Structures are given as C-alpha cells and as structure tokens.
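J.: Here are the chains, one letter per residue:
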Amino acid sequence: MTSLIGLPPRSTGAPVRRSRLLGTERPAGYWLYILPGALGFLAVVLVPFAMNVYYSLTTWSGVGEPQFVGLDNYAQLIGDATFWTSFRNSALFIVAMAVIPTAIGVLLAAVLFDFIAPRFGTRTSSLLRALFYLPQILPIAVAGVLWKWMYQPEYGIINTLLSSVDLDGLRQNWLGDSDLAIYSVMNVLIWLQIGYTVVLFMAGLSRVDPALHEAAELDGAGWWQRFRMITLVQLRPEIAVVLITTSVAALKVFAPIFVLTRGGPGTSTIVPAYFSFSNFFTTTRVGYGAAVATVLAILVTIIAVALLRYQTRTTEGFDDDGR
Amino acid sequence: MTVDNLSPGTATSATDDITPAPARQLRTRGGSRSRRGISGWIVLLIIAAAALLMIFPFWIAIINGFKPAADYIQDGPISLPSQLDFSALVDFWRGVDFNRKLLNSVAISGSVALIAAVLSLLSAFAIGIGRIKGRVWILAVFMVAFTIPQEALVYPLFVLTRDLGLYDTLAGVIIILAVLQSAFGTYMLSSVLGAFPKEMLEAARLDGANRRQILGRIVLPLTRPTLSVLVTFFFIWTWNDFFLPLILLPSADNQTVSVALGALSGQYTSDPTALAAASLAGILPALVFFLIFQRTLMRGVNLGAVK
Chain Z
151 MTSLIGLPPR STGAPVRRSR LLGTERPAGY WLYILPGALG FLAVVLVPFA
201 MNVYYSLTTW SGVGEPQFVG LDNYAQLIGD ATFWTSFRNS ALFIVAMAVI
251 PTAIGVLLAA VLFDFIAPRF GTRTSSLLRA LFYLPQILPI AVAGVLWKWM
301 YQPEYGIINT LLSSVDLDGL RQNWLGDSDL AIYSVMNVLI WLQIGYTVVL
351 FMAGLSRVDP ALHEAAELDG AGWWQRFRMI TLVQLRPEIA VVLITTSVAA
401 LKVFAPIFVL TRGGPGTSTI VPAYFSFSNF FTTTRVGYGA AVATVLAILV
451 TIIAVALLRY QTRTTEGFDD DGR
Chain Y
26 MTVDNLSPGT ATSATDDITP APARQLRTRG GSRSRRGISG WIVLLIIAAA
76 ALLMIFPFWI AIINGFKPAA DYIQDGPISL PSQLDFSALV DFWRGVDFNR
126 KLLNSVAISG SVALIAAVLS LLSAFAIGIG RIKGRVWILA VFMVAFTIPQ
176 EALVYPLFVL TRDLGLYDTL AGVIIILAVL QSAFGTYMLS SVLGAFPKEM
226 LEAARLDGAN RRQILGRIVL PLTRPTLSVL VTFFFIWTWN DFFLPLILLP
276 SADNQTVSVA LGALSGQYTS DPTALAAASL AGILPALVFF LIFQRTLMRG
326 VNLGAVK
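Taken in order, these protein sequences are the chains called Z and Y.
To convert a position in the first sequence, counted from 1, into this note's numbering, add 150.
To convert a position in the second sequence, counted from 1, into this note's numbering, add 25.
In short, the hints are calculated from the structure, not lab data.
Values in this document were obtained by computation on a predicted structure and should not be read as measured data.
For glycine and all other residues, C-beta sits at the position ideal for the given N, C-alpha and C.
If a hint is listed, it holds; no wrong ones were tucked in.
Some chain Y residues flagged as far from chain Z (calculated, every beta-carbon gap over 12 angstroms):
(1) L109
(2) D116
(3) W118
(4) A132
(5) D193
(6) R249
(7) A277
Partial selection, computed: residues in chain Y whose CB lies under 10 angstroms from chain Z:
(8) V68
(9) Q175
(10) A177
(11) P181
(12) F183
(13) I201
(14) N235
(15) A303
Throw the hints in and build the complete structure from the sequences for me.
T.: See below:
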C-alpha cells in the first residue's frame, strides 16, 4: 500500500558495458521499446492537453477559428457563480467520497477484523465484507440508473416505503428538489465508496502485529481503547492514501451527476467536470469549458503530487514519527 | 481512465480469507465461543443489518426486474413477484439492442486490455530493465496520464479523432483508452521489472541473447502473473468507463453497455419496472466478471489505490 512507488534503483552501468563488449547491446536500443508508449502519450495526453490550454485562452464555438482573448475566460470564471457552486459541490463530494467512507470504513473494518472474526469466525467476517463490497463492482452508470429508479418520486421504492409505514410526510422529490438533490447524490456516492475503504482497511489491518492487541488486552484495554490507540495509529498510512486518492476521485466526479441529475435542478448539483462538459457540448463555449477543465486539472495534479510525495517519503522510510 | 471517478479499479476479492492472527490464537485457547456474549450478538446483528441495507438495492432490482408491471402497481416494489416475468428485461434488451452493446463493450474492453498490457510491458522493459536515462522523470510524466481529468483532454481528442476519421469508431476509443491505461501499467510494471533478478539477465546476455529474446523468453514468462492482474483490471476499468465512450462514440451502434445505461434517463420512466430491468441487465455482466476474476483481483488489492 505504501510502496506503490517502487522506482528501480539506479543503474550500476556494469551490465550494459559488459554486454556492449560482447557486441549484443547498444544502450540506446532500449529507447525503441519506450517509443510506442511515448508516441501514444504524446498524441493522447500531451498534445491534447496543450491544445486544451490554448482553447482556454480563446473564444470558440467549435466551428470556425478560435479568437485569442488571453486570460479573459479565467477572469470571467472568478466572477461566475456557477463555477464556485461547482467547486462547493466538489467539497461536499469530498465529504461523501473521502471523509465519510473513510470514517465508516475504518470502524467497520476494525469491527469485522477484531470483533466479529474472533467471535464468529473469518467466514462470517469475509461474507459481511463481500456484502459491503458489492456496490463497487457496478459500473457507475448502472448504479446511477438503479438509484434514480429508487429515488423516483411517484412509484420509487423510497417514497413507497415511507408511505407504507404511514410516514407520507417524509416523502420527497429526492432528485428534483434543489435543496435536497445534492444530499441524495452524496448518499449514492457514500453507498458506492464504503466497500472500497472497508476492503483496503481490512487488508491494512492484516499486517498489524497481533501482539500489539494482545498486550493491550492483557493490560485491560477495552475494544474501543484498542481501536483508538492501536488500530487508528497503525492504519495511518492507509488512511492518508485513501483520503487523498478518493479526494482526487471526488473532484473528478462526472458519471453520477450525468446519470442522476445533469447538474440540476438549476445548478444545485453541478460539478466542475459536468460544468466543463456542458460548456463544451451543450452551450458550445469551448474556450470557457477548457478554462474550467484546466483549473480542475491543475487542482487534481497538485493533490496527486502531494500523494506521490507522501508515498515516496513513507517508502523511503523518512516518515518515522509513527513508529 | 478515471472517467467514472470512483476508483472503480479497486476491485478486490471481497471473499478471500484473511485470517486475522488473533482469531486463530483465541480459538486455540478455546475461548472463542464463550467470548461471544450478548454484546457480541448485538454487534453482529447491527453489522449484518447494515450489510443487508448495502445490498438492498441489488435485491430490489432483481425482484422488480422480473416482476409483472401489474404486480408493481398493485403491491409495490417490496413484494415478491407473483410470477417470473421476463418481459421487462426482454423489452429493454431488444429496445436498446443490448446484445450489440455487450459485443461493443467486450470488443473495446478486450482490445484495450491487451494493447495496454503490451504497451506497458514494452515501456516498462525500457525503464525497469533497460534503465534508460531520465526514467524517474519519464515515470512522473506518465503519472500525469492517469491523474489528469479527462475533461481536460476530451475536446482536443474530439477534434483530433474527427480530423483523423477516428471519431465514432471503436478503434479511436480503443487507442485512446489503451494509451491512458498503459501509463498506469508502465508505472506498476516498471517497479516489478526494476527488481528483476540481475543474474538471470546477465546469464542470458552471456549466452548471446539479444534484447528481444530477453524480453520474450525471460521477462515475459516471469512477469505473466503481474500481467494477468493488469489485463483483468484494464478490462474492468474499460468496461466501467463512461466519459470518453460517451463523447467519442455517439452512435447507438457503437455504444458500450455503460453508456447505453447512463444515457437512459428520460426514457423508460413511465413503466415502473423498466428501469429495474435495465439495472439488472447492467448488474449481470458485472456480477459475472466478479465471479470469474475474483482470484486475480484478489492479488491486486492495492493496484487501484492510485487511481
């Protein structure tokens, strides 16, 4: 988990030199092998991203010639309420995809791992883990259709259930009410993400030395104390990585919004990805959409670099304050 | 790659047995049963109820996907169907030509998985075995390919594929997704190949093997387990991918399963069981993959964490 970055150690140079003597190796020849990947990267990532940055400096409807306008689009973004709403919603999605699933996931993983498993066997805890994990196997689009159907105001299961227990007053237009829609979407995201955190944290727990728990137990520590003093501390690397990766994912959310609400009602559930998409393909303000996408890309890259640095640091053992 | 934004790649087997050491030791002490106690049962009950709540949507999709519409109107969504009725499922299947979408998805996911694995292996061979100069930077740049939001690439990709005649073709999407995913594969495989036993490479070189032979006869067979994990993940990621296929494959004949379902909104909403049947059609392949690939996925618990 903490060693996702395992860069190959620096070359000693010796093997290459020797084989060159044997006449079978030209060191430059290895470049040929990276050529297909590099060309692909150039064509699919580098050039398109550069084009996107260029578009963001223009006014363009997708046909005709883009008009260069400098940083106008970015200046306009700062004053655009929809832009700020989209990032405020992203912050809520970080809560729904990173914060809440991590909190629930740690607790569930700990309960399954060292409360349920010792008492009821690992088969029971594995089965329960599988049930929590199930939503993760679904394509997001399918999960979206499923929930849209359950949220449906007239015949949807949630409202039908509320009526059947005489709680008609709680019936809501879950996705159609602009105050409520964002929370309904958040609920779907939490449902999707819990399995991911439970499984990762349980894998993390299996590397924690059981002697720690046994010693604490002999000292009279209760389950809750052990959870706070041992489990949480030992899982710190996993928790950090999960929080960062899921936050990146939360910033990129597109499919759930596309399927569930299309950003509406109004702009109440709009997110940056959907905002740039609708600028590109609905209102055909390509330059403006490109500016939104560029801002999003920069933000995501900053977080991803933070993740990389964290991982390299923990891998290289510089982060020893936890031990 | 992260079009669906939800780290879909972290599929791992949820049913493998990680036997926690404390469990084993407690059992040998013979205390396991007596330790259950009332509080133990209460906790189990709460967790089990929470787990059932998690799978409730699946259950509800299954029972309503097979329910006659009349049943639904009369008894609501909770009741079991009075008879197995496949008509909603069949209507949806025919209505969207689901066979076609399945075929497209299989073709795209399969090609992407294989091409991306080959690209990853070639690049990782140069980086991990060939130790080409600047490899740390090359890997860092490759990283960008799988963290960058696809919104920042999509419009240029749309323009470029259109100019090259690859717009609305499976080939265009396959090339783009294969490159994006191979960035991740390169990253994973480079660290695996970086730790490759040097004696073996040395011995092969002394025997006169050239680079191609080293790759094909030594590196490839020994990295096959890692490659199979990668291929599996690439396949499932591509299957679940939504954003790029949505934009680059607009015509119904080229749509994938994910996009066909995601684009449903609006249609089929008048019939209360139609969307349940549609969900069911989307759930079935995912369940099949989960069952087939379980053991491979298990080995890749951490693979998707970066996504």
